[in-house]
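Student: Spelled out, the chains give:
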Amino acid sequence: MDLFGSFGVSPLIFLKIAIIIFMVLYCVFGIVLIRQVKLMTETLEVGFEKIVTYASYLHMVASVLTLAAAIVLL
Amino acid sequence: MPNVFVSNRKMPIKGDMRNENIPGNSPQNIKSRTEDLENIKKLSRNHPLTSFCYYPENVKFVNEDTEEKIILLLRRHQITNIKWVLMTIILIVLPAFLSVMPFFDFLPYEYLFVGGMIWYLAVSAFVFEQFLGWFFNVNIITDERIIEVDFVNLIYREMTDANIDQIQDVTVQVAGAIETSLNFGDVVIQTAAEIPMITFETIPNPDAVAKVLRELRIEEEIEKLEGRVR
Chain D
-17 MDLFGSFGVS PLIFLKIAII IFMVLYCVFG IVLIRQVKLM TETLEVGFEK IVTYASYLHM
43 VASVLTLAAA IVLL
Chain G
-17 MPNVFVSNRK MPIKGDMRNE NIPGNSPQNI KSRTEDLENI KKLSRNHPLT SFCYYPENVK
43 FVNEDTEEKI ILLLRRHQIT NIKWVLMTII LIVLPAFLSV MPFFDFLPYE YLFVGGMIWY
103 LAVSAFVFEQ FLGWFFNVNI ITDERIIEVD FVNLIYREMT DANIDQIQDV TVQVAGAIET
163 SLNFGDVVIQ TAAEIPMITF ETIPNPDAVA KVLRELRIEE EIEKLEGRVR
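Top to bottom, those sequences are chains D and G.
With my numbering, the residue at position 28 of the first sequence is 10, and numbering never jumps.
With my numbering, the residue at position 151 of the second sequence is 133, and numbering never jumps.
A couple of the hints might just be wrong.
Capping the alpha-carbon separation at 20 Å, the derived lysine-lysine pairs in PhoX-like fashion look like this [as the list claims (entries may be wrong)]:
{"no.": "1", "chain 1": "G", "residue 1": "Lys23", "chain 2": "G", "residue 2": "Lys65"}
{"no.": "2", "chain 1": "G", "residue 1": "Lys23", "chain 2": "G", "residue 2": "Lys193"}
{"no.": "3", "chain 1": "G", "residue 1": "Lys51", "chain 2": "G", "residue 2": "Lys206"}
{"no.": "4", "chain 1": "G", "residue 1": "Lys24", "chain 2": "G", "residue 2": "Lys206"}
{"no.": "5", "chain 1": "G", "residue 1": "Lys193", "chain 2": "D", "residue 2": "Lys32"}
{"no.": "6", "chain 1": "D", "residue 1": "Lys20", "chain 2": "G", "residue 2": "Lys24"}
Don't read these hints as lab results, they were simulated from the structure.
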């Protein structure tokens, strides 16, 4: 703590950067998940595709909102 | 000199699947097989989240032939999801216990809030992944072939198929108290195809599946005898 304080940098800034990097990677994962669902629904159609596709988009939206919250709030 | 290549057996009449000249096709056998198929129909559930669906409606899969009919759609038994469902419950309640611990006292409220958001987002992704893994890893039996669809990870899909007439041996494996009481298990199918073994894992009513496969093999034999092979 004192080491960071002597440089005039809060240790929380490193935590913030780590969280933002993690969330950016998580958003990439969200995109991969959408691609995966597309591949799966193309492979098998059972009449449940819309719900699964909407769920993947909802997850992506939630990821972006969390990233935005991390940037704004922290 | 007698012609050893000419059989004295009468050939079945074309189109008559109940011809008694076909081995194992006596009237008693036909009656028993019809009853078995009626029982299999009773086991079937026709909704998108079913694990056992006989003649499913509105189901299509990639590389399906136009004349191909899906006879059985199979997934792992629903009870196999219990592990990840319990895990999810633990993951949902875990932050409530962690808040009692003094580890995070030094963090400001905003960090705890965003940390909570990330946690529940990750839990939702875990649930979604597990569900997709169960829902889309299916086994399909059509009137022409058996297909195993396997999504190994996020971007890797494996699809194995073998023609019905390539099936050499079908083994039903039901091992364990839960499997026996809930009637689910593995059906191991040995084939003469490039991939020698296809396993339908932890599927419900494995005996019924083996029965359907047997019926299809008989049907395929009859088609060959009658020269109706597609």
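Student: For this structure, which hints from the list above don't hold up?
Tutor: The structure breaks hints 1, 4, 5, 6; every other hint is satisfied.
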